[in-house]
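Participant: For reference, the chains in residue letters:
Number of protein chains: 2
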Amino acid sequence: MKKAVIVTIGDEILIGQVIDSNSAFIASELNKAGIQVYKIISIHDSREEIYKTLDEMIPAADVIIFTGGLGPTSDDITKPALAEYFNSDLVLHPEAMELLMAFLKKRNLELNDLNRNQALIPNKCNIIPNYSGTAMGMWFRNGGKNIISLPGVPFEMKEMVTNFIVPQLVSEYHLHAIIHKTIITSGLPESVMAVKIADWEKKLPGYIKLAYLPSPGILRLRLSTVSNGNSMVNEQLNTQVEYLKEIIGQVIVGFDNDTIESVVGKLLNLNSSSLSLAESCTGGNIARMVTSVPGSSIYFKGGIVAYSNEVKQGILKVQKQVLKDSGAVSEQTVTQMAEGCRLLFQTDYAVSVSGIAGPDGGTEEKPVGTVWIAATSNRATIARKFNFGDNRERNIHRASVAALNLLRLFILGMENEINIK
Amino acid sequence: MKKAVIVTIGDEILIGQVIDSNSAFIASELNKAGIQVYKIISIHDSREEIYKTLDEMIPAADVIIFTGGLGPTSDDITKPALAEYFNSDLVLHPEAMELLMAFLKKRNLELNDLNRNQALIPNKCNIIPNYSGTAMGMWFRNGGKNIISLPGVPFEMKEMVTNFIVPQLVSEYHLHAIIHKTIITSGLPESVMAVKIADWEKKLPGYIKLAYLPSPGILRLRLSTVSNGNSMVNEQLNTQVEYLKEIIGQVIVGFDNDTIESVVGKLLNLNSSSLSLAESCTGGNIARMVTSVPGSSIYFKGGIVAYSNEVKQGILKVQKQVLKDSGAVSEQTVTQMAEGCRLLFQTDYAVSVSGIAGPDGGTEEKPVGTVWIAATSNRATIARKFNFGDNRERNIHRASVAALNLLRLFILGMENEINIK
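Top to bottom, those sequences are chains P and Z.
The numbering used here applies: residue 1 is where the first sequence begins, and numbers increase by one.
The numbering used here applies: residue 1 is where the second sequence begins, and numbers increase by one.
Chain P extracted, bound-state conformation (with noise of 0.2 Å):
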């Protein structure tokens, strides 16, 4: 099997200023073209780092890919130190630089001394287009092995492992695929989950590996086996997978790339239903993640972030009695912030929340933590309360897991029949 190494250079990762999204994407698809990532390595902008890492690198593995250090400014050393390595000239190279020209006139930018030195290249590489920026990446080949240098910006970075890289190494080689399934879970924690499924993964074949990947307010269980070219092993994934739903089918959001916000807008879709939002602690955040979905605009209306008490009572015509009696966090308001808002928004289902996300606002009746979360359509409006933690941005991440995963119970009508947590 082919192994890759993914090194990012750069100090800001290693003064922890930035993280490392771009090992990630690159990982993800070299392991689905059939090449294994067996090292991510981050290291400081410095020539020496970068003479090691090759030195280290070239003999253990078929594929090093390198990000970032192809900036404009000085701090960026990526080129000039692989130019030096693999003996190497900086000369100017004519698509490179028609690429660059083409991207300047698009941003309305003027070609200045230092992105014109953008379109200097070593002579023993050949480029890889860059359309989205000025920093092109440059392919070296050296014994039979493929030294890969990329621009440390996600999307430019993204474009060319898509559209370059892959395809190419892909006709290069010839691999067998690792098969991964995954299979989405929300509302048991990771013990009780293992204790739960105990036997069934006691009888998984040898050729197939289960991992846990927790994650706040979901577990997802990832079934991984090489595919031996043959129909039966990934036909085996897919029976495991049946088995399992037989003893978890309740708390199975969804498959493989799905999010529980894909799965809440597939169903929604499947029903010709639209949905509004109102929220309090979540602060948009339930809105940001249904509107991340393409195409959510044909199911979603809209949504209110009440974060006041006046805009409760003003807008979701929460009752004033209401809120003094039971407080902003209670069943009862969270029950008429959601029906008010299916009312303004005229919608098929609304949900709402109000907790306390902290780090401030708790009681020792309602500790930081505190959420309760109402659904409603015409059939019925249901409220549920949850306690997550006293972290402010994992309440908001649970709670807004928590309201959709509460939705989807409620729109499939098992919101009676497990009880999340």
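Hint data in this document are derived by calculation from the structure and do not stem from the laboratory.
Any given hint could be a false lead.
[Stated by the list, open to error] Under 8 Å between C-beta atoms, here's a sample of chain P residues computed to sit facing chain Z: (1) VAL18; (2) ILE41; (3) SER42; (4) LEU188; (5) PRO189; (6) VAL311.
[Stated by the list, open to error] Beyond 10 Å from chain P on every Cβ pair, some chain Z residues (computed): (7) LEU92; (8) MET101; (9) VAL166; (10) ILE248; (11) SER330; (12) GLU393.
Here a beta-carbon is modelled for each residue, glycine too, at the ideal position from N, C-alpha and C.
Knowing the structure of chain P, use the given hints to seat chain Z on it.
Facilitator: Structure of chain Z alone, referenced to chain P:
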């Protein structure tokens, strides 16, 4: 200077299913404490890889921090691997058991065979208490080197790093801290900025290093230096920032850990002003950014996600004729959205956004990425047109940043002094 290496363990990172955000957090905390992170590595859940990494890194680094692979399930092998490497036996640890029981009780969960194993700890390490989960941290000392293993769940890991590991390392070593000063700008692309500040950059003292950190809508300039214990270095950093302010003052949004949303929040607080939002294509993302700031409920009243034209018309009172003649993405529509929003929520300021996020909905006249933004107060209403490009997620993000930046300039009365892009 003490050197650290961060090692994440887990197939999920190497197949690109999960982005490694833990390393950035740890790197940032170590950096602030004056410990240099010189490498970040991700490896598979594999004993062989863990041993190889330890063999390589113990001679090279002073501190090695592992995250991941401490869960209760069978794919988690970090604990037995480290126990074996350091010739340790796994024994029941009374304090770990106590913490485990307290945690399970808080969550209404039962002790079972799986989570009971979480109290088994290698006898040659100290534990790092985990108050938010079942996996304790482990601290091995070997030949003067510190080898630390932490759970991969971000908030559990973070508590241990902040409250336990960093204070311990700070008291154990005694080093000069690395000082950073970051200037956050919005409105100028990297290549334009580089030319504008070229003279200033040339005159920087040799011990101050400059880095450009671009991200969608925001360009950060980071000055770094090593504190030599006297105040001169710190003063020089501040002096350089003052020089920079004279050149690019208007595009400076804030400093260090400021975000565009926290800066806008401070400005609103300073003026005792309130804000409401009317979002179309950003779908709640601006509200989510604004409410991510603790204490935002003081100035943020609420918002409308007006995804459909019915909502723009019915709730925000945009005239039917305007939507028909000029369309939802137009100066007239965002103007009426902002003014309708301000009236509805009774706030001092209101901001509105309407645009074509993509992937569909673009026309020749209004291609994907066209976004209109308006801001209004009792002083005036202003509207600006932007062209961001063809990536949905990036458009939503850049439109959100541009909207908050326009609001910032509008509050300062500076909206006509600079043409932000």
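Participant: Give a verdict on every hint.
Facilitator: These are the hints, each one checked on the structure:
no.: 1; hint: VAL18; verdict: holds (7 Å)
no.: 2; hint: ILE41; verdict: holds (5 Å)
no.: 3; hint: SER42; verdict: holds (4 Å)
no.: 4; hint: LEU188; verdict: violated (11 Å)
no.: 5; hint: PRO189; verdict: holds (7 Å)
no.: 6; hint: VAL311; verdict: holds (4 Å)
no.: 7; hint: LEU92; verdict: holds (18 Å)
no.: 8; hint: MET101; verdict: holds (13 Å)
no.: 9; hint: VAL166; verdict: holds (12 Å)
no.: 10; hint: ILE248; verdict: holds (15 Å)
no.: 11; hint: SER330; verdict: holds (17 Å)
no.: 12; hint: GLU393; verdict: violated (7 Å)
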